[in-house]
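In mature numbering (1 follows the signal peptide of the UniProt record, and there is no 0), the protein residues as written are -24 to -1, 1 to 206.
Derived by calculation from the structure, the hints in this document are not laboratory data.
Misleading hints may appear alongside valid ones.
[As the list claims (entries may be wrong)] In the BS3-like style, the derived pairs of lysine-lysine whose C-alpha atoms are separated by at most 30 Å in a straight line are:
1) Lys133 to Lys160
2) Lys69 to Lys128
3) Lys160 to Lys120
4) Lys120 to Lys133
5) Lys120 to Lys185
[Unchecked claim] The following label-pair restraints were derived from C-beta to C-beta distances:
6) Thr124 to Gly86: 40 to 48 Å
7) Ala184 to Gln70: 24 to 32 Å
8) Ile196 to Asp89: 35 to 43 Å
9) Gly87 to Arg139: 28 to 36 Å
10) Gly178 to Glu90: 42 to 50 Å
11) Pro28 to Ala132: 15 to 23 Å
12) Gly46 to Gly178: 29 to 37 Å
13) Thr183 to Ser32: 43 to 51 Å
14) Lys120 to Leu29: 19 to 27 Å
15) Thr36 to Asp191: 23 to 31 Å
16) Leu182 to Asp89: 46 to 54 Å
17) Ala71 to Ser11: 16 to 24 Å
Keep in mind that this is a model prediction, so the values were computed, not measured.
Glycine residues also receive a C-beta, built at the ideal position from the N, C-alpha and C atoms.
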Amino acid sequence: MNSHRSLALCLLAALSLTAATAQAAVHGMGLKPSSLMQPVTPLFGTESVSTPLPASVDLTAWAITPGDKGQVDACASWATAHTLTGWYANANKQAQTRFAPMYLYSQVNGGVDEGSTLEAPLQIALAQGIDTEQHYSWGNYDWKHQPTAADKANAAKNTTPYRHYTVLYSGRGNGGSALIQQIKLALASSTPVAIGFYVRQGFEDLTAKNQVDYDITTPILGGHAVIALG
C-alpha cells in the first residue's frame, strides 16, 4: 500500500445534488447540495500508480466497524468523523480511532436536524480536530447541544490525520468516464473518496445478497454521503 502519499489527502467527489426532496427516507440521510460546481480535476494521472489500474481495490483493511447513524440527518458528519477519520487513524496506527460525529454536526446544522454539505464538517474537523466518541459529552445522536469547552479542548488534541481535502469534482463535473476514472485512480493510490449522491429505493433495498443498486427510475429519497474504500 502506498500509504505515505495518500494519508495527507482526502478527496471530496460530490455528485449532482441540486434539489431537496419531500419523500421521507427509511434511514436518516441529510446531504445538502454544495454551492460549488466544478468540472472534474485530473488530480490523479497515470503516474499516480506504478502499474496499470488493478481489477479491484480494497482499502477496508484499515476500516473501523461501521456505525449506526440512526434517523439523524448527519450523513456527512458521520462519513467524516467515523468512517474517514477512523480509516486514516487506523492506517496511521493511532491509539484513538473512533471520533464523534455529533461534535461536527452540531456545529454545522444551524440548530436544526436538516443535514449539511460534505464540505462543512470537513472544514470543522480540519480547523478544530474531532473529539473522541468515548469523551464527547452528548453521544452519537444529540444534534442540539454544542460541544463543551472540554470537548473542544480534547478535539484539539485529536487533529485529523489528513491535513486538507481536494474537490475531485462537484455537480455533474463535465460528465463522461473521466469522473469514474479519477475515483478509480484515487482508490488505486490508497486514497479514500467521499462521495455524495442521490438515493432511490434501490439503495434502501441493498442487502448482503443484493449488493448492486441499478435503480434509476423510482423517486429520489434524498442526498447521502458515504466513503468509498474500494
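Hints broken by the structure, by number, lowest first? 1, 3, 5, 6, 8, 10, 11, 12, 13, 14, 16 and 17
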